[in-house]
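Q: This is what each chain is made of:
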Amino acid sequence: MSLSAASPKSDALAALYWRSEILQVMYWLRGEGFGDVVDPGLIERFLGVDAAIGMTYLDRLVEEGYLVRDGDWFVLSEFGLERGAREFGEAFADLTKPSHGECSDDCWCHASVDEAEACVAQRLGHSHGHGC
Amino acid sequence: MAAEATDGLPRRFLQPFLLLSLQRDGTSYGYELYETVKSLGLSVDLAAVYRCLRAMQQRDLVTSQWVSSLAGPDRRLYSLTSAGHDAARAAASELAAARDGLIAALEHFEAQRGAHP
Chain A
1 MSLSAASPKS DALAALYWRS EILQVMYWLR GEGFGDVVDP GLIERFLGVD AAIGMTYLDR
61 LVEEGYLVRD GDWFVLSEFG LERGAREFGE AFADLTKPSH GECSDDCWCH ASVDEAEACV
121 AQRLGHSHGH GC
Chain B
133 MAAEATDGLP RRFLQPFLLL SLQRDGTSYG YELYETVKSL GLSVDLAAVY RCLRAMQQRD
193 LVTSQWVSSL AGPDRRLYSL TSAGHDAARA AASELAAARD GLIAALEHFE AQRGAHP
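Chains A and B are the protein sequences, given in the same order.
Position 119 of the first sequence, counting from 1, maps to 119 under this note's numbering, and the rest follow consecutively.
For this note's numbering, count along the second sequence from 1 and bump the result up by 132.
Honestly, the hints are just simulated from the structure, not real lab data.
There could be a bad hint or two in this list.
Said to hold, decoys possible - Here are the computed lysine to any residue pairs in the SDA-like style, where the Cα-Cα straight-line distance is at most 25 Å:
{"no.": "1", "chain 1": "B", "residue 1": "Lys170", "chain 2": "A", "residue 2": "Gly35"}
{"no.": "2", "chain 1": "B", "residue 1": "Lys170", "chain 2": "B", "residue 2": "Ala222"}
{"no.": "3", "chain 1": "B", "residue 1": "Lys170", "chain 2": "B", "residue 2": "Arg156"}
{"no.": "4", "chain 1": "B", "residue 1": "Lys170", "chain 2": "B", "residue 2": "Pro148"}
{"no.": "5", "chain 1": "B", "residue 1": "Lys170", "chain 2": "A", "residue 2": "Arg30"}
{"no.": "6", "chain 1": "B", "residue 1": "Lys170", "chain 2": "B", "residue 2": "Asp232"}
{"no.": "7", "chain 1": "B", "residue 1": "Lys170", "chain 2": "A", "residue 2": "Gln24"}
{"no.": "8", "chain 1": "B", "residue 1": "Lys170", "chain 2": "B", "residue 2": "Leu202"}
{"no.": "9", "chain 1": "B", "residue 1": "Lys170", "chain 2": "B", "residue 2": "Gln155"}
{"no.": "10", "chain 1": "B", "residue 1": "Lys170", "chain 2": "B", "residue 2": "Ala187"}
{"no.": "11", "chain 1": "B", "residue 1": "Lys170", "chain 2": "B", "residue 2": "Ala224"}
{"no.": "12", "chain 1": "B", "residue 1": "Lys170", "chain 2": "A", "residue 2": "Gly33"}
{"no.": "13", "chain 1": "B", "residue 1": "Lys170", "chain 2": "B", "residue 2": "Arg245"}
{"no.": "14", "chain 1": "B", "residue 1": "Lys170", "chain 2": "A", "residue 2": "Glu32"}
{"no.": "15", "chain 1": "B", "residue 1": "Lys170", "chain 2": "B", "residue 2": "Phe145"}
{"no.": "16", "chain 1": "B", "residue 1": "Lys170", "chain 2": "B", "residue 2": "Ala223"}
{"no.": "17", "chain 1": "B", "residue 1": "Lys170", "chain 2": "B", "residue 2": "Thr213"}
{"no.": "18", "chain 1": "B", "residue 1": "Lys170", "chain 2": "B", "residue 2": "Gly158"}
{"no.": "19", "chain 1": "B", "residue 1": "Lys170", "chain 2": "A", "residue 2": "Gly48"}
{"no.": "20", "chain 1": "B", "residue 1": "Lys170", "chain 2": "B", "residue 2": "His217"}
{"no.": "21", "chain 1": "B", "residue 1": "Lys170", "chain 2": "A", "residue 2": "Leu42"}
{"no.": "22", "chain 1": "B", "residue 1": "Lys170", "chain 2": "B", "residue 2": "Thr195"}
{"no.": "23", "chain 1": "B", "residue 1": "Lys170", "chain 2": "B", "residue 2": "Gly140"}
{"no.": "24", "chain 1": "B", "residue 1": "Lys170", "chain 2": "B", "residue 2": "Arg143"}
{"no.": "25", "chain 1": "B", "residue 1": "Lys170", "chain 2": "B", "residue 2": "Glu226"}
{"no.": "26", "chain 1": "B", "residue 1": "Lys170", "chain 2": "B", "residue 2": "Ile235"}
{"no.": "27", "chain 1": "B", "residue 1": "Lys170", "chain 2": "B", "residue 2": "Thr159"}
{"no.": "28", "chain 1": "B", "residue 1": "Lys170", "chain 2": "A", "residue 2": "Glu63"}
{"no.": "29", "chain 1": "B", "residue 1": "Lys170", "chain 2": "A", "residue 2": "Glu44"}
{"no.": "30", "chain 1": "B", "residue 1": "Lys170", "chain 2": "B", "residue 2": "Arg221"}
{"no.": "31", "chain 1": "B", "residue 1": "Lys170", "chain 2": "A", "residue 2": "Asp36"}
{"no.": "32", "chain 1": "B", "residue 1": "Lys170", "chain 2": "A", "residue 2": "Gly41"}
{"no.": "33", "chain 1": "B", "residue 1": "Lys170", "chain 2": "B", "residue 2": "Ser153"}
{"no.": "34", "chain 1": "B", "residue 1": "Lys170", "chain 2": "B", "residue 2": "Gln197"}
{"no.": "35", "chain 1": "B", "residue 1": "Lys170", "chain 2": "B", "residue 2": "Arg144"}
{"no.": "36", "chain 1": "B", "residue 1": "Lys170", "chain 2": "A", "residue 2": "Phe34"}
{"no.": "37", "chain 1": "B", "residue 1": "Lys170", "chain 2": "A", "residue 2": "Arg45"}
{"no.": "38", "chain 1": "B", "residue 1": "Lys170", "chain 2": "B", "residue 2": "Trp198"}
{"no.": "39", "chain 1": "B", "residue 1": "Lys170", "chain 2": "A", "residue 2": "Val37"}
{"no.": "40", "chain 1": "B", "residue 1": "Lys170", "chain 2": "B", "residue 2": "Ser196"}
Just so you know, these numbers come straight off a predicted model, no measurement behind them.
In isolation and in its complexed conformation, chain B is listed as follows (with noise of 0.2 Å):
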């Protein structure tokens, strides 16, 4: 059988990556934040983002201010708060107990086909 085609990484991993991206780079925009998310295969659109941040800013988990441009309009510039950094931690915590826990369970499943081709 063909392997399954995918849309790219689950989109329950857009806050986690956003928090790490956040905690990489310090500031970004919201189209930065974007841009990254999709570059590490993460299947969502803008409005996701868009809807994700607005979400962790009211858990207070990021903050934003509008930066004034004199070459374009204003743009909103996001950052992580405090609790936004323990997100962060946790959530690198949390996506390397899953990993972890893949690896082992493919290997398991290898091992098991490799005993009974």
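This is chain A alone, in the form it adopts within the complex (with noise of 0.2 Å):
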């Protein structure tokens, strides 16, 4: 598994987490006109989760009635377009400004005592960083 870096441990922050990410890739490939549609393969290459963990993240989506699977394929529900356009702007809007190079404020492991022993854990073993 190579979850990114900076998502969360914990499986409820987690699952936010990749809600977010990916209802974010989807809003973005379909406002540069790539249409709405994404499978597992598309998610590990742009968000660097492995397909067969994206593979539940969106079918958790589906099942939140974010999306809708066709087949190999899953698509924006009408649902998803309007909860996620709002909640970019509202709720999302903490959420979805990540973390770090070194553990900070924004750190995830701030949101609970799981959350730091967890993060504590995860440095000891390495070290957290992006870079393209």
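Join these two chains into a complex; the hints should help.
A: Take a look at the structure:
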């Protein structure tokens, strides 16, 4: 599994994080004229999350009504379009403002004790860091 | 021996090119940036540009906003932050230094080849 170093460690926050990341990619691609259809392979290329892991989050978004599954492909639902657009402007404002090179004020580990412990464990294992 | 084909400029130039493109243009959409770096010979795909822009945003080098359009879906418009402008100036200096270093190295090897044909 190769989740992003910025992704949270607890399941609940991870689900929120990846919901935001996946919807953002889909909005971004849609805005750039590439339609609103994705598959796990595309999610892997754009977000660096293993396709198998990405599939579980895509299925979850289907269950939550954000996406509609069409065979191997996933498309934004009307609900996903409307709700997602609103949420990006409001609730996701902080969640979509990730981290870090070092653990910082906006690190996920400040969300809970469990997150803090998981972050310390992860940092002892390997360092965070982003680059391109 | 035939010259080896290349796939374009290395991917490590992606961030400097994105910084300098945004410095020149002020604001740009993601696909415009992708087209620009491709036209400059950079060997990257759209996913790499997206990920680099996200990383740059996380490092506070760029900011973005969703821009509504009557004609189509919302688009994400990118621009440099103050730190991004500093980074763009640094990138320009680094690219110029790399260019000068490469020219000097090539001239050195060309001169050696001339001396020892």
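Q: Which earlier hints turn out false for this structure, listed by number in ascending order?
A: 8, 13 and 28
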